[in-house]
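Undergrad: First to last, the sequence lines map onto chains A and B.
Numbers 1 to 220, taken from the numbering used here, label the letters of the first sequence in order.
Numbers 221 to 401, taken from the numbering used here, label the letters of the second sequence in order.
Note that these hints are calculated values from the structure, not bench results.
A hint or two may mislead.
As the list claims (entries may be wrong) - The following label-pair restraints were derived from C-beta to C-beta distances:
| hint | chain 1 | residue 1 | chain 2 | residue 2 | range |
| --- | --- | --- | --- | --- | --- |
| 1 | A | K113 | B | R240 | 21 to 29 Å |
| 2 | A | I125 | B | W325 | 33 to 41 Å |
| 3 | B | K348 | A | G152 | 36 to 44 Å |
| 4 | B | A375 | A | A190 | 34 to 42 Å |
| 5 | B | G265 | A | D110 | 37 to 45 Å |
| 6 | B | R240 | A | I125 | 47 to 55 Å |
| 7 | B | Q241 | A | G191 | 20 to 28 Å |
Stated by the list, open to error - Short, incomplete list of chain B residues facing chain A, as computed with Cβ under 10 Å:
| hint | residue |
| --- | --- |
| 8 | P232 |
| 9 | W283 |
| 10 | Q333 |
| 11 | D335 |
| 12 | M339 |
| 13 | T343 |
| 14 | D344 |
| 15 | P354 |
| 16 | E355 |
| 17 | A375 |
| 18 | K386 |
| 19 | S387 |
These figures come from a predicted structure and were not determined experimentally.
Glycine included, C-beta positions come from ideal geometry on N, C-alpha and C.
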Amino acid sequence: MTEGKTKMTIRHHVSDQLLMAYSAGQLPEAFGLVVATHLSMCDECRARAGAFDAVGGSMIERCGTIAMDDGSLDAVLARLSGAPEPRPEPRRRKGLFPTPLADVIGGDLDAVKWRPIGMGVRQAILPMAKDASARLLHIPAGQAVPDHGHRGMELTLVLQGAFRDESDRFGPGDLEIADEEMEHTPVAEAGADCICLAATDAPLRFNSLMPRLLQPIFRI
Amino acid sequence: MTAEDSEGNWVPAMLAIRDRQDRAAFADLFRHFAPRVKAFLIKSGMSPALAEECAQDVMATLWQKAHLFDPERASVATWVFTIARNRRIDALRRAKRPEPEDLPWGPEPEPDQADAFEMQQETDRLGKALAQLPEKQRALIERAYFGDLSHTEIAEETGLPLGTIKSRIRLALEKLRHHMS
Ligand SMILES: [Zn+2]
């Protein structure tokens with residue numbers, strides 16, 4: 001794949017469940033980060049998210065009214081000094097990472113502080129609210145990721161390269177949504193190393209390579 | 221358009237704020253939306269005092285960020301909702317919702333009136349469809365938007381007719397992308 005204008009073909013999108021939760025403001029920050037990053041790469045889901053926001057707009061119209069306090073309008077008018085803020089220049093991505101992700105990392109790929117977790121796989125834990133965790137994974141081309149199951153929900157968004165598991169292939173922009181029942185062994189495709197953003201609301205259980213005993217050390 | 225017309229077209233008032241800093245237009249928007257935002261926030265679990273404060277903030281943001289409103293992609297009610305939602309996350313969770321990357325091309329200075337009108341109509345149609353959903357289903361969707369359901373409690377099948385409104389937003393996005401290239 002060439003850099004720049006190449007159009008991505010995204011085949012695995014955000015589910016309605018996640019999009020509604022994102023629109024309603026009910027996603028843990030780590031999941032919100034994954035969704036916002038996918039939306040940055042996928043106009044189809046950005047439009048779907050807009051449709052869910054419109055449901056929220058209907059709620060505002062139809063949820064009734066509670067009178068504002070006396071003097072409320074005047075108080076707000078007094079706050080409005082001058083013209084609305086000029087529209088800021090749209091912020092654009094400078095490298096691989098869409099801006100929601102770059103904001104968390106404080107830069108692009110070269111700013112990531114990777115730590116090896118075995119078999120050539122590296123990860124970087126991202127600072128997130130405690131209700132779910134997010135990390136970047138760097139998997140060498142051709143390498144399998146330790147077989148693992150899930151206790152909660154796990155989202156994996158491909159940023160570069162691709163991986164395959166028992167069910168399908170996931171390329172740049174594709175989002176895999178794994179639930180409790182799923183046990184799988186993702187393998188990075190030959191070619192480019194695979195870089196993913198992953199988020200989970202439960203600690204991962206590795207079945208091999210990473211004894212559960214060691215998990216606290218790696219903070220996952 | 222009057223403050224009594226609950227399904228009114230508020231786009232001209234927003235553009236009047238953006239282009240002429242029209243305080244009378246702002247007052248109209250305030251009288252319509254502020255009591256709704258306050259009700260929404262109270263139903264979301266806020267105390268009346270906090271809801272009052274946050275509703276005032278939401279309305280002030282409406283003025284300050286008027287340049288970011290794109291009537292081809294959202295109705296004014298939808299835009300008010302997104303500001304209120306973000307204020308709620310900030311107030312109750314002390315967090316920020318991660319937002320998608322800015323589009324490379326912002327709202328057009330002169331929005332296409334027909335497209336903006338269509339978007340308003342679509343939102344009204346969606347509201348009516350929502351009102352006609354079976355009681356149980358509608359109650360679940362309301363609970364989700366009032367922050368009463370976790371992401372795992374929200375159903376994958378929402379039964380919401382979102383196809384046409386999504387298609388309109390999709391077209392507006394394509395138009396913006398086209399402008400850029
Ligand atoms: Zn998508």
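Undergrad: Flag every earlier hint the structure violates by its number, smallest first.
TA: 1, 7, 8, 10, 11, 15 and 16
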